[in-house]
Structure formats: structure tokens, C-alpha cells
Amino acid sequence: MRAYLRIFIPSWRFFASQAAIAKLYARSVQGGQLGSSWLPVLTPPRLRWYSLFLNPEGNLYHSYCNALEQLLLDPEDKDARRVIHRLVRRFLLHVRNTDPSGRYQFKVTAVQLYEGTAVEEDILAGEGEL
Amino acid sequence: MTLVVILISLAVALQSIEHILLQRKLRDLDPWGSGQAGDGLYLALQWLRLAAALAAGISQHWAPTVVMAVATYLTAVRHRGTFNGGSDTVTIHVLIALGTSQIWPQLEIHALIYIAVFASLSYFAAGVAKLFSVSWRSGAALSQFLLFSNAAFPNRFTAAVRRRPDITRKWSWVAMGWEILFPLALFFPAAAWIFLVSGVAFHLLNFYFFGLNRFFWAWLATYPAIALVSQQKLFL
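First to last, the sequence lines map onto chains A and B. Quick note: the first sequence uses my numbering, first residue 1, plus one each step. Quick note: the second sequence uses my numbering, first residue 1001, plus one each step.
Pulled out of the complex, with its shape left as it was, chain A reads as follows (with noise of 0.2 Å):
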């Protein structure tokens, strides 16, 4: 029902909680050995002036953080975990060219500041076949 309703409401609290800020990395395991070790994922485009008329790359990356954050506020929504279990796949595939006879692995760690300093933890993790 939410997917219906939800570009109604507006939810204007932009910028304005201080939750945890979700990252997520992925590797690759093939035949029981570890392809890589865990690499972030979401890395953001590069921003050029005519981006502000188009910026297609820019907005599919914040759709991936929205899924992101999603997912730490909510590990059981099916939506936002099967979408980041695609976007790992397209990111160990198409853009580190990963072997797809393997696996892959990803975590998602929240990111949160103590009187200055980023303190990083683990929150969930999942896996699957490339």
C-alpha cells in the first residue's frame, strides 16, 4: 500500500534526523576462496554543470542510498533487500568484472559520529549467486 500512497505525503524532515548513515560493501567468493576483499559499493557520480538539467546517474545513486538507508531502518523489507542484492551483482560483474561462476557477499555497516570521530559498525550482511 505505502508504494500507492507515498509520493502523496509529503515528508519534509530533509537532512533533518541524525541516524546512522548506511554503507554498503560487497565481495566475491569462488570456489570457497575469497575473491576480493569487501569493496564499497555506492561511490557517487561526478557532478558537471549540465547536471543540474540531467543528472540521471546522480539520481539512480541517491534510489540505491534511499534502498540503502531503507533497509537499516527496516532489514525485513523484501524490496529494498532485493534491490541491493541486484545492485551488487551488476557491481561485481559489470564494474569489477567479477568471474560469475562464484558468489557473492555484502554487508551493511552504519556509520556514526562520537564527538568528532566516525565509529563504523556491522548491521547486516547476505549473500548469493553471481
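Worth flagging that the hints you see were computed from the coordinates, not collected in a lab. A few of these clues could be false.
[Stated by the list, open to error] Here are the simulated DSS-like cross-link-like pairs (lysine-lysine), alpha carbons at most 25 Å apart as the crow flies:
# : chain 1 : residue 1 : chain 2 : residue 2
1 : A       : K107      : A       : K78
2 : A       : K23       : B       : K1170
3 : A       : K78       : B       : K1025
4 : A       : K78       : A       : K23
5 : B       : K1025     : A       : K107
6 : A       : K107      : A       : K23
[To be verified] Covered, in the sense of this in silico footprint (three residues per stretch, anywhere, with C-beta under 8 Å from a C-beta of chain B), are these stretches of chain A:
#  : stretch
7  : 20–28
8  : 47–55
9  : 64–73
10 : 119–128
No residue lacks a Cβ here, since even glycine has one placed at the ideal position from N, Cα and C.
Based on the hints, put chain B in the right spot on chain A.
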């Protein structure tokens, strides 16, 4: 009202072109995994939305506005409610108000008031929400968003924030004050011009630091309504 139609049509056209450019990449965000058939329908929806935006920009008929509203709604549903948060919400509310006033012209002034109040309250509510946050009042929240948040796009000023965290406290209070005082624009024409010009700068900064280009165009479409409501003293 004509200027609102042109600006919201421009916002919708740019949104549609972005979706057309992304095409298959958006499949990852489709919660139903509807595959190639879903991709084709979605692409057709974006072309229809773009055509409606172009038609609305050159005619004052209600039909293109209604098509834009329905297509914007369906686009949001495909993305679990919204693709781009607040900008989608402003876009749909402006389109509904516009469509209503085009179908029933006697409601035009009500539609303009609705758009103006809706936009002003969006700033006001955002400012009040920040004011109630300890971390916003201390400036820590802005530092955190600029330095660590996924939403931030790195730029040369990020390094300055890292060196001098005290500057974010001042800017937090400027942003909160500006947002909370924005509704004054509805009552005083002189204040309206100050708030609207600074509003353009505010959204440009949001674009520069957070890449929020859609917010710039969606809110810009509401500014003619705010100017008109203020100039005609509809609240006084």
C-alpha cells in the same frame, strides 16, 4: 499560472529524459522484477510523459497535465512510492492543482494558493524539524551529512568543512532561519522577492553539495505562484 505550467512541464520533461537515458539500469530498482516486458512498458510511459510535458508547455489544455500527473504517479509506484523523494511529491501536487484549475477555471486562484502554501510549508516544516534536532543546532549534523553521508557529492568545500567544522554551525542556523521564515514571503511582496531569489541560490547549493537537480526544478515551478499570492495580497 502560465509560468507555473511551463516550469512544471520543464521539470517533468527533464525527469522523463533522465528515465529514458537510464532505461535498463532502472530494472534493478523494479521491485516486481517485471523483466523486458516491464522495461518496454516503462519506456513507453516515459516517452508519453515527455510528449505530454512538451504539449503542456505550448498549450493550456488540461489533457497533457492530466497525462503528466498519471504518468508521474505510475512512475513513482514502479519505484516503491517515489524515485526521488520530495521532488516527486512536489511535482504531483503541482500537477494535480494545475489540472484541477485547467478543468475548472473558476478554481484557478485556489490552485495557485494551494501551490504557494504547499511550497512554503515544505520549507517551514523542514526548518522546524531541524530546529528540534540537537545536532542541527550544534552544526554537527551538517558536518556529518557533508563529510560522511551517501547523499553528499564530494567537492572542494568538503575539505574546508573538514578543516573548520565550526563553519557548519553558522550555516546550519542560516539554513534553519531561512526555512522557518520562508512563509513570510506569502504575506509581504518585498520579502517574497528576497526569499525567492535566495531560494534559487539555496537549491543551487543543494544541487552542488547533494546533486539534487530535480528539487531545483520542482520547487522553481512553485515560485511564480508564491510571487503572485504575495503580490496580490491574497492573505492580507
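Outcome of the hint check:
no., hint, in the structure
1, K107(A) to K78(A), "holds, 16 Å"
2, K23(A) to K1170(B), "violated, 28 Å"
3, K78(A) to K1025(B), "holds, 20 Å"
4, K78(A) to K23(A), "holds, 18 Å"
5, K1025(B) to K107(A), "holds, 22 Å"
6, K107(A) to K23(A), "holds, 8 Å"
7, 20–28, "holds (count 3)"
8, 47–55, "holds (count 6)"
9, 64–73, "holds (count 6)"
10, 119–128, "violated (count 0)"
Of the numbered hints listed earlier, those contradicted by the structure are 2, 10.
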